[in-house]
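J.: Sequence lines, in order, name chains C and Z.
Under this note's numbering, the first residue of the first sequence is numbered 1, with each subsequent residue one higher.
Under this note's numbering, the first residue of the second sequence is numbered 1, with each subsequent residue one higher.
Just so you know, these hints were derived from the structure itself, not from any lab.
Residues of chain C clear of chain Z, computed beta-carbon distances all greater than 10 angstroms:
#1 Ala75
#2 Thr90
#3 Glu127
#4 Leu134
#5 Thr153
#6 Ala225
#7 Glu383
#8 Pro428
The list that follows gives simulated cross-link-like pairs (lysine-lysine, DSS-like), each with its CA atoms no further than 27 angstroms apart:
#9 C:Lys232 / Z:Lys267
#10 C:Lys339 / C:Lys276
#11 C:Lys232 / C:Lys170
#12 C:Lys170 / C:Lys223
#13 Z:Lys267 / C:Lys170
#14 Z:Lys110 / Z:Lys267
For each residue, glycine too, the CB sits at the ideal point set by N, CA and C.
Chain by chain, the residues:
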Amino acid sequence: MLRLDRGRWKRLSAVPLVAAIVAVLVVPGPSQSTASPPAGLECLTAGDNAFELTATGGYAAMPDGNTIYMWSYAAGGGAFQLPGPTLCVTSGVKVTVVLHNSLPEPTSITFPGQVQVLADGQPAQPETDAAGTLTSLTTTAAANTGSVTYTFTAGPPGTYLYQSGTDAQKQVQMGLYGALVVRPAGHPERENDRADSAFDRDREYLYLLGEIDPDLHLAVERKRAYDFTRYKARYFTINGRSMPDTIAPNHADWLPAQPYGALIHIRPYDPVGNPKPALIRYLNAGSVSYPFHPHGSDEQLIARDGRPAQGPGGQDLSYSNFLIDVAPGQTVDTLMIWKDAEHWDPQGNPIPVPLPSLQDQIVGPGPETWFAENPYLGGEPGELPPGVVQNNQCGEYYHVAHSHALEQATNYGASFGGMMTLIRIDPPAGCPA
Amino acid sequence: MTDPVRQPSISRRALLAGVTGLGTWAVLPERGSDAQLRRPAAVLPRAVPNPTASLHLAATDGWVSMPQGAPPISPFWPDPLAPAGADLYVFGFRDVTGLSATEVTAQRGKAQISAPLLGFDQETDIRITLTNLGLSVRPDLTDGHTVHWHGFRNAIPLFDGVPELSISVPIGRDFTYFYRPHDAGTYMYHCHFEDVEHVQMGMTGIVYVRPAQNAGTADVPPGKYVYNDGDGTTRYDREFALMLTEVWAEAHYRDAHIQTTDWTDYKPSFFAFNGRCHPDTLAPNGDPMSAAAGRLRYQPISSLITANAGERVLLRLANLGYQNHTVTADGVDLLVVGKDAALLRGRDGSAEYQVTNTVQIGPGESRDVIFTAPDPGTYLLYDRDLMSLANAGGGRGGQLTEIRVSPPGTLPAQTRANA
Numbered sequence: 001m002l003r004l005d006r007g008r009w010k011r012l013s014a015v016p017l018v019a020a021i022v023a024v025l026v027v028p029g030p031s032q033s034t035a036s037p038p039a040g041l042e043c044l045t046a047g048d049n050a051f052e053l054t055a056t057g058g059y060a061a062m063p064d065g066n067t068i069y070m071w072s073y074a075a076g077g078g079a080f081q082l083p084g085p086t087l088c089v090t091s092g093v094k095v096t097v098v099l100h101n102s103l104p105e106p107t108s109i110t111f112p113g114q115v116q117v118l119a120d121g122q123p124a125q126p127e128t129d130a131a132g133t134l135t136s137l138t139t140t141a142a143a144n145t146g147s148v149t150y151t152f153t154a155g156p157p158g159t160y161l162y163q164s165g166t167d168a169q170k171q172v173q174m175g176l177y178g179a180l181v182v183r184p185a186g187h188p189e190r191e192n193d194r195a196d197s198a199f200d201r202d203r204e205y206l207y208l209l210g211e212i213d214p215d216l217h218l219a220v221e222r223k224r225a226y227d228f229t230r231y232k233a234r235y236f237t238i239n240g241r242s243m244p245d246t247i248a249p250n251h252a253d254w255l256p257a258q259p260y261g262a263l264i265h266i267r268p269y270d271p272v273g274n275p276k277p278a279l280i281r282y283l284n285a286g287s288v289s290y291p292f293h294p295h296g297s298d299e300q301l302i303a304r305d306g307r308p309a310q311g312p313g314g315q316d317l318s319y320s321n322f323l324i325d326v327a328p329g330q331t332v333d334t335l336m337i338w339k340d341a342e343h344w345d346p347q348g349n350p351i352p353v354p355l356p357s358l359q360d361q362i363v364g365p366g367p368e369t370w371f372a373e374n375p376y377l378g379g380e381p382g383e384l385p386p387g388v389v390q391n392n393q394c395g396e397y398y399h400v401a402h403s404h405a406l407e408q409a410t411n412y413g414a415s416f417g418g419m420m421t422l423i424r425i426d427p428p429a430g431c432p433a
Numbered sequence: 001m002t003d004p005v006r007q008p009s010i011s012r013r014a015l016l017a018g019v020t021g022l023g024t025w026a027v028l029p030e031r032g033s034d035a036q037l038r039r040p041a042a043v044l045p046r047a048v049p050n051p052t053a054s055l056h057l058a059a060t061d062g063w064v065s066m067p068q069g070a071p072p073i074s075p076f077w078p079d080p081l082a083p084a085g086a087d088l089y090v091f092g093f094r095d096v097t098g099l100s101a102t103e104v105t106a107q108r109g110k111a112q113i114s115a116p117l118l119g120f121d122q123e124t125d126i127r128i129t130l131t132n133l134g135l136s137v138r139p140d141l142t143d144g145h146t147v148h149w150h151g152f153r154n155a156i157p158l159f160d161g162v163p164e165l166s167i168s169v170p171i172g173r174d175f176t177y178f179y180r181p182h183d184a185g186t187y188m189y190h191c192h193f194e195d196v197e198h199v200q201m202g203m204t205g206i207v208y209v210r211p212a213q214n215a216g217t218a219d220v221p222p223g224k225y226v227y228n229d230g231d232g233t234t235r236y237d238r239e240f241a242l243m244l245t246e247v248w249a250e251a252h253y254r255d256a257h258i259q260t261t262d263w264t265d266y267k268p269s270f271f272a273f274n275g276r277c278h279p280d281t282l283a284p285n286g287d288p289m290s291a292a293a294g295r296l297r298y299q300p301i302s303s304l305i306t307a308n309a310g311e312r313v314l315l316r317l318a319n320l321g322y323q324n325h326t327v328t329a330d331g332v333d334l335l336v337v338g339k340d341a342a343l344l345r346g347r348d349g350s351a352e353y354q355v356t357n358t359v360q361i362g363p364g365e366s367r368d369v370i371f372t373a374p375d376p377g378t379y380l381l382y383d384r385d386l387m388s389l390a391n392a393g394g395g396r397g398g399q400l401t402e403i404r405v406s407p408p409g410t411l412p413a414q415t416r417a418n419a
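Bound conformation, chain Z alone (with noise of 0.2 angstroms):
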């Protein structure tokens, strides 16, 4: 998990400036007299350099770890390949910011799933490089790779990743996008190489937008906020990031072993948040640059939710498997704020915010919702589609995790998404 090396690039007079630009946005929330013009056009002048983000992914292979003890998919799963401590061939990209290059080339074959957890400002102007290191288990494959910011309003096809409409990125060479995120939300990277196959290997994450609104406005006092609701209805106190994702093992396992795959077959076997399955999202957050994380290490984004009784909890859900699935969490009411980036409002300003106890979430959504956590104690948040709390089809897995609720004042500010 990584929040991007961000480099201060901006004067307090010119962020103020600035502020005060996006401050009046703010108060004018989505009511664009035009039918279409729902958001208006950035309002930052010219003059005053955005601050700027860049990162460093590199994309390559490598192998993960399914829940122990599920029962094998013979031949499929565990697979015969895999190193020891692992049991699943997948893609997947690094983050390998500020790493040498040849720290970098050492990061082939250590794909990790999910994606690194990616966040940034409103109006960051933010360059991602990424590198292609190949395929370790398949150097005969000659695959490009991109990424694609998925729900990106604002990308032209050179920065879209789609390798038919623009270009891919070579073995062994690099490739820098630009995005200059105009709209707060939850949205989705993957690459579009062969996407079919790229996306069920595991080149999926999250990336979110963190509105201006959170500096402050003469409406709401600086904090975290979804989005530029002008009111302050979208505050949130921490924040949890979940990917939801199928494994289907038999395609992993042809991947690996030279076969190829009718992707109309599509029959998944593991049912994952953040790459992991229950009981595996229970995990705490693991280090992928540390052997020390163990089992996990190349999984290492946790999906246990923690926070103090009373505290408003963002969970920021997308799906990039290729199922609908039921977000449903026990005992907790869930307030729906946002779909694919956007607040849940009408073009006059009309609100559309839904509470409810489940929320469906079909492949490349992605839905905002917060809830009020309860009373001290744990509470269970999970896929309603109850066959996919299955792990390789054996009962009690899948995607489930829990809330765990702790008297007020007991933990700490969050500091980070998912910690």
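The shape of chain C in the complex, shown without the other chains (with noise of 0.2 angstroms):
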């Protein structure tokens, strides 16, 4: 029998794990196209700004293992997916929304921050029943199998959602919800008309925020009843995800509905090698406030409802923000960037305090940390305790971003879960494919 110390045992036996991890990392899931990325913004574009979006039920997967009956927009005739696709124009354009429904009660689509949209040629228009009871805030297709199609010129360059407009304090709840994405005329990297609202197209990113009340979705799918005043929101999303899944990439294959991750992939800021922001979108398709916090950066806001904090002279009345407060219906666009302050180096600039050892900190809580148990960005991983998984890859570093409204930061009232995800920045030089 060999003899080991235990140390070495304690390395050996992570040898195992660490590549099982970094397999999963690396090795993109079958589903993966090669032309989404792993992170950020995904597009869904049309060369004559004409989509199709199919209102179509399916399931939505929540960390705890529940499974979640929803209603969203599928694109083309494709799969049902959570949310719908993210609709990318050119402000000014004419934009035509072809919905097909195929949910067995009438639905349709609302656009927000958009004016003059027509459906089937004719102005959108509220619908009412016989009884003169306002059925829908907006033009229908019918149940089963009808469509309308809605037309609009792309209004100022921003965000925006879209959602259902029928019966929609259900429908929207049931994740009837996507969002429009405006782009300034010649500048598609900036957020609006203002240079000043450039940003990194590599680093794009969506938050789309909404909830889950289980009870509504079990409802509707037994086709019962539902009392709203017994409302209680019990998960709380990012793109239809909730943490740890938000930090999943695009299209991860166990997550085969809800395509969108949530997880900022950054280097520091430098101002020759990256000196471009982050964009970061923020729209709550929910029913509250979700007090949205960053940690380890602020956020500078530039928009708020596809228009630029801007004074009537062009004044930049954008301002700095350690918490995004994005009430119901309402968008918020920020630029962030992540400073190394202090360039903490072993060498030459070392923390100013002891790292305790091992047995002096506790890991986790929980069976994985982000944690290379070294202060250092890029540095080695350290030692773990047996049993908890090294999510670190290079010595990047991990910061938090979560609703500070805390018992929305949990899946069904357990922490660490819920509208929460997580900002990654890579060491300069980035980390080794």
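Both chains come to you apart, so use the hints to assemble them.
T.: Put into structure tokens, the structure is as follows:
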């Protein structure tokens, strides 16, 4: 029998674990399209700005194992996905959205922030039933096989919701929502027409925030009545996912119906090598405000509801935030960088306090850590207690970003979940592939 | 309440050199040409050692007191396990700076809410040592604790206090966090270990950073300013920090009685300024180390606002509840100058100060608000969400305090915040 000291055993036992993690992180899933970025906003575009969406039902997976029946918008005749695809157009173009309905009741799309929306060539109109009761905020596609064609001219550059306008209290909660991104004409590298809204096009993120009351979804699935006075959200989502699924890549194959991740993946700000900020587009498809708190960096709020933060004379009225409070139906766009302010370095500039030994710290809690057991960006991972999974690849940093209405940062009450994601900061040289 | 121990470790010459550099910063506020360069990098030359401050906090549990006479919430409040004079189980921080190891250990079970009020000067090298004393009522819980400096822009994960992304402090151990604040303004700190629980249980406090401009620059005289504004518009005479929180009595009871809570059922029962509900908000500051402080011994921070007519009064508002609140002051115009530890100015320097009589503040947000003390008299400051003016569902209470204005020259200069 081999005689190995305890530390060596520990190190050896970590090898297959680390290999497995790296394999999972590096090997693309079979469904991952080469055109899809692993993280970040994924646009659905069309040469003629004509989109086909199908309202349909399917299932979304929650991190605690629950599976929720949802309704949402699928691209074309494609499979159910939550949320609907992100439609990207340029300000001023004519946009066509054909809605096909496969749901057992009428449905529709409203385009908040867009004006003069036509439905089948006529101004989109609210609908009422025979008794005169409002049934839809806008023109519907009939149940099961109906369709309706909406057209409008894309408004000012910015971020907008699109969502059901029919029995909206129920249907939007069921998941009938998506994002519309309008880019400034001639300047796709900007959030809006202002030069100071420029961002790194490889660092564009969308946080479509929502919530789920599973009782309502079960009632819809079982075709039972639901009393909205009993409404109680239990899951809180970014792009239809809850932490930790939010940090999984786009199109992770274990989340077949929830294609969009929310991991921010950046490098430290550098005036020469990495001068441009990331852009984060927040949208609230839920029923309460989501006070979103990014750690480790503030964010500059540059636009709200598709309008730049500016004065009548073009003055810059953007402002710095460590808490972005997004009200229901609102959108907020922010620019974000992360500055390596102190440049801690084990040789030249070590941290001025000791890192406690393993027995003097708690790693986790829980089975995983995103800390390399090394305080230095790019440092070699240190030793971990047995059984703790190390998610750190190359000494990158992770900061958390989450709703600070902290009951929303849970999966049905369980901590470190819900409306939460991570900001990953790679060493300046990047991580080896 | 505490101003941390400060060890001057800077020569007069070095200070002048540093202040000259910072003066240059102060006259060029918020004006980067780059979209993101809203704050120039620190200009203190590295050769000049920063002043230092160190502080020792202990994390533990304890018992506090909500207002007497509020209707009971059976069986959750008053908690039958509570010792005499107390009625609510909490977790919290204690300032144990300078105490011996034995004295620190003796603070187990003596948590306070809100946590000690902390103020530091910009560009100070700050060491905050956290000792985890464990929980006296729940020895079965082996929870770690951390300090998360909420809103701090320059913390690496090790010092950010998120246990899943760095480390937390086990019972009986300590860890020293290091911070070097480059940005003035009002922040918060709280434990981030199982934060939905530990924050609700009371591990929340305000920390603020005084601007380098306080030393004076070419454009503004030495004084008290909220930010490096360059023009003196954030000058103030007196400052009062108000931490807004909610208390969900049922969750506190469940923690004391070894039961679990579904946090998505969140439904607060009390609404506090600095860990106290009206009328306790009006009681003077207490000494958490002295039994003579009485019923509010472990809620030592007053929310009573006092000023002489004509003085400029700064309110540092922070919300670590889970709900939005709207602070209003009857008969007083409020000037909002800062949000989230940032001066409200665009990147081109455009002013965004706002005059208002309501300041809405979401969970995790901070606001810096200045008002000019009006004619002598008593003015009310309260949460316009009137449902938050209740104690355990009974009327009159909650997030309400008074602004008491005296004739000019009555009150001596303020020596510390909330005094």
